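Student: Guided by the hints, dock chain L onto chain H, whose structure is given.
Chain order of the listed sequences is H and L. Quick note on numbering: numbering that gives the first Met the number 0 labels position 257 of the first sequence as 256, and the sequence is numbered without any gaps. Quick note on numbering: numbering that gives the first Met the number 0 labels position 86 of the second sequence as 85, and the sequence is numbered without any gaps.
Rather than coming from a laboratory, the hints here were simulated on the basis of the structure. Some clues are possibly wrong.
In silico EDC-like links for lysine to aspartate or glutamate, alpha-carbon gap of 20 Å or less [stated by the list, open to error]:
hint	chain 1	residue 1	chain 2	residue 2
1	H	Lys55	H	Glu39
2	L	Lys199	H	Asp271
3	L	Lys16	L	Glu84
4	L	Lys86	H	Glu377
5	L	Lys86	H	Asp271
6	L	Lys220	H	Asp298
7	L	Lys198	L	Asp130
Pair by pair, the computed Cβ-Cβ distance ranges are [to be verified]:
hint	chain 1	residue 1	chain 2	residue 2	range
8	H	Gly360	L	Leu90	43 to 49 Å
9	L	Ser33	H	Pro343	42 to 48 Å
10	L	Arg91	H	Gly2	17 to 23 Å
11	H	Val414	L	Gly205	36 to 42 Å
12	H	Gln310	L	Glu27	29 to 35 Å
13	L	Asp88	H	Gly2	30 to 36 Å
14	H	Arg266	L	Gln206	57 to 63 Å
15	H	Ser230	L	Val87	32 to 38 Å
16	H	Gln310	L	Asp88	29 to 35 Å
17	H	Leu215	L	Arg63	48 to 54 Å
18	L	Ser146	H	Glu299	35 to 41 Å
19	L	Thr71	H	Arg266	32 to 38 Å
20	L	Ser146	H	Gly399	32 to 38 Å
Partial selection, computed: residues in chain H whose CB lies under 7 Å from chain L [said to hold, decoys possible]:
hint	residue
21	Ser273
22	Thr278
23	Asp298
24	Ile301
25	Leu355
Please read these numbers as outputs of a predicted model, since none were measured by experiment. By construction, the Cβ of each residue, glycine as well, lies at the ideal position given by its N, Cα and C atoms.
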Amino acid sequence: MQGVRQRLTLSYTVALALSLLVFGALLYVERRTSAAREREEQLGARLLAEGDLIRKVIEETGRSLPRVVLVQPGISNPADSTYELIPDVRRFFDGMQDFLFVMDPAGRLLYVSFEAANLDPEALSRVKQALLRQPITRREGRLQLDEDGEPFRFLIDTIGGGTAREVRSFLVAARPEGPGMAPNQLVLSMLVVAPFVLFASAMLGYWMAGRALAPLDLIVREVEAIQDGRSLHRRLAVPTEDDEFRRLGVTLNAMLGRVERSFQALRRFTADASHELKTPLMVLRAGVERSLTHPEAPDEVIDTLDETLRQINGMTEMVTNLLTLARSDEGRSSLVVAETDLVPLMSEAAETAEILGEPQGVTVSVALPELPLIAMVEGGRIRQLLLNLVTNAIKYTPRGGEVLLTLATEGDQAVLSVRDTGIGIAPGDVDHVFERFWQADPARTRSGDRPGTGLGLAIVQWVVDAHGGSIAVQSRPGRGSTFTVTLPLGTTPIA
Amino acid sequence: MKLLVVEDDRTVGQYIKRGLEEVQYIVEWVADGSEALEMISVTTYDLVILDLRLPGMTGLEVLRTLRDRGHTMPVLMLTAQDSVEFKVDALRAGADDYVTKPFAFEELLARIEALSRRPRQISSRVLTVADLELDMATREVHRGDQSIELTPKEYTVLEYLMRHQGRVMSRTLITEYAWDYHFDPGTNIVDVVINRLRKKVDAGFGQKLLHTVRGIGYVVKG
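Just chain L, same shape as in the assembly:
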């Protein structure tokens, strides 16, 4: 799957490109609207990520031109503006969705997956760590032959850790995934969820799967 990222800020552009490449997308990045239109005219992209504010042609102008020329691929707009007028303008001009800056990479990824209507780059919808299984379709969790009942937040946190198994996820990353970046209750809410998960997932089993990493975060590994 081939994506074009049109973003004038180099850091953000590179961040999106590398992040998407890590999950096996083919990504090209340009910083300029007219350059983007040139590339679209010669290459077929499955999806375009388009920043609203670009030097020269604005994102909306690029979007209109692109639709006028008959390109129908999904377009995801990036914007710093959180206003109804912008959203309406963008959707009228033919955008399929928008993400407001600054966004967490997970959020961008979720929107891209929704737009491309294809499952994540994971062969199975079931995440497995040792004998712990999490079915993302049915939201069922098993350890061995034992079924585990989780509350929505417990499920979300476990899914996030299992998706990044073997990697230490910080508290803030977990919080903003399970709630969102708007939410900072000022206490270590993740610790409570992890404690509960430990009781349900690890208690009674010889092998512990949920690990605390020196008070900075958590990791799930076998």
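Okay, chain H solo, but in the shape it has when bound:
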């Protein structure tokens, strides 16, 4: 549940971050191009305005004054004479912010603005060439004036005829400014704001995901509360809104209904099977036992009847065990516990083991407490458990081996252990020995032994569970196995 909630929040936040990123990038590019365009437009307009002003100043001056150009004759050679604009006009032009070049009809530069004076001769000649071309009317263009940096934008205009014949044309130029600050500031603002936006929306997303998943959480808890056959009658509270959760609840309830019906069928079967299987077994048993104990029964008849009785007992045991396990699957127990001394049970198991071990050449030792060890258990079941364990121990221990039984208390628990020096259990099999009908590799069992029903250890496991205890197996192939059963002494059994 938590996982889904976190994943939802994470994917939501990642999606939002990606959207923010794409949005920011697009915005940045757009802002950048439009800022450049604006700059160009502004620059063009400025050059136009400057051009108009310059033209106006020269024409006005030409109209009001006899000349606009001052000629200072060269001392030795008239070709060296200096031509320049009259001071009033020059001063006015000095106040212009952009590059300005003014040329007379002879191709002489009458005025070069202050900044432009620093240009290298090559750039200056490019300006001259531009001015010398015969323009029909005013012309705009771009011109590289220095090595680095963007080309300058320029405007050339011709002052034809009229009063100011001394000036032929002029060029005003300015460099477009570098990228404006606006887009960079935008990026900075976004970088500052984005984490807060992301964090806030992640929190919101987490809360929303939690809210959306809350009904699911409730359903999970309700389903978890249905543990076994006894709580199967319960149903989930179905949400009132007609949404996916309602459908899930309804579906689960329908499933619970089917499960409950099959459990009831199983329960009925268990009860019926007890009667249907055990009553004929009782009838069989009654007949066989009567004949078997009849004073005049011939030996051959006794022989046959004895084997029949043994088969009936085996079958009864099997039916009883299957029904016991079926009931435990339903979550119902057949235990009736009482205060029981475990010492006599253990000593009976030890004596049985010893009797079983004698023909097999297996020695049995037992370590018992001297005082009674009272536990709340069903004595018959513990006895069955112990007999199953010792039978197995003897069965899988070769001649000359040993079986050791111990009983002790540890805190508020009784610890019963059956250790053997037998063939052991293959590591891969340890997890399977308690499974129903599981049988070890037949090659590993001693020939001549009857195979068990395969339910012995399953029943052992059930008895332990029903008493709220635990069982552990330690085994090394070729070295032996130890089954350790731990049972609570005085507490009420769980099952």
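Tutor: Structure of chain L alone, referenced to chain H:
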């Protein structure tokens, strides 16, 4: 001592009736619950053996009716169900004990004796075969003037054979008496016990009391 057996299965009913009659009980058998109630109302029984599943009235209904009418004799329930719910229901309804089917006759007998609180139909608590004596109260065993120490299983097997002295008891019968029908170790565990008993009971005595019968069972006789 008079017993009523209520069991709808004829074979089982007859088996219980004949078996109990062999040990000197007076037994009547009916197959039906309402018939049982009629008989109880006219005759006094010392104990009732009542099957749980009966046609018509169930065993539990018969038991409740019987207790409602003020009958207090011990009631032993027979059931095929080995469940806590049943046991609790039966005990609440006033049953004194229950036996789960299928049961060995010895088991039924033991429960009846426990409920009727009277010793077995044997005049003495001491079983005797020739000069072998077994005291069921003290669990002491003597041969002549010699005391014999037996382990619990050896004692149980000997007691069972002496109780049925002169009769051949099969291995399965002995096994299920000394352990129970749940226990089938797959080997002839009884042979080992009998061997041990022979060493303790017969060795050194001229007269052998424990006899093997053609590999099918054992008998104790003088």
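Student: Please go over all the hints and tell whether each is borne out by the structure.
Tutor: Hints, one by one, checked against the model:
| no. | hint | in the structure |
| --- | --- | --- |
| 1 | Lys55(H) to Glu39(H) | 24 Å, violated |
| 2 | Lys199(L) to Asp271(H) | 49 Å, violated |
| 3 | Lys16(L) to Glu84(L) | 29 Å, violated |
| 4 | Lys86(L) to Glu377(H) | 14 Å, holds |
| 5 | Lys86(L) to Asp271(H) | 17 Å, holds |
| 6 | Lys220(L) to Asp298(H) | 17 Å, holds |
| 7 | Lys198(L) to Asp130(L) | 16 Å, holds |
| 8 | Gly360(H) to Leu90(L): 43 to 49 Å | 47 Å, holds |
| 9 | Ser33(L) to Pro343(H): 42 to 48 Å | 45 Å, holds |
| 10 | Arg91(L) to Gly2(H): 17 to 23 Å | 50 Å, violated |
| 11 | Val414(H) to Gly205(L): 36 to 42 Å | 50 Å, violated |
| 12 | Gln310(H) to Glu27(L): 29 to 35 Å | 33 Å, holds |
| 13 | Asp88(L) to Gly2(H): 30 to 36 Å | 48 Å, violated |
| 14 | Arg266(H) to Gln206(L): 57 to 63 Å | 59 Å, holds |
| 15 | Ser230(H) to Val87(L): 32 to 38 Å | 20 Å, violated |
| 16 | Gln310(H) to Asp88(L): 29 to 35 Å | 32 Å, holds |
| 17 | Leu215(H) to Arg63(L): 48 to 54 Å | 49 Å, holds |
| 18 | Ser146(L) to Glu299(H): 35 to 41 Å | 39 Å, holds |
| 19 | Thr71(L) to Arg266(H): 32 to 38 Å | 34 Å, holds |
| 20 | Ser146(L) to Gly399(H): 32 to 38 Å | 34 Å, holds |
| 21 | Ser273 | 4 Å, holds |
| 22 | Thr278 | 6 Å, holds |
| 23 | Asp298 | 5 Å, holds |
| 24 | Ile301 | 5 Å, holds |
| 25 | Leu355 | 6 Å, holds |
Comparing the model with each numbered hint stated earlier shows that hints 1, 2, 3, 10, 11, 13 and 15 do not hold.
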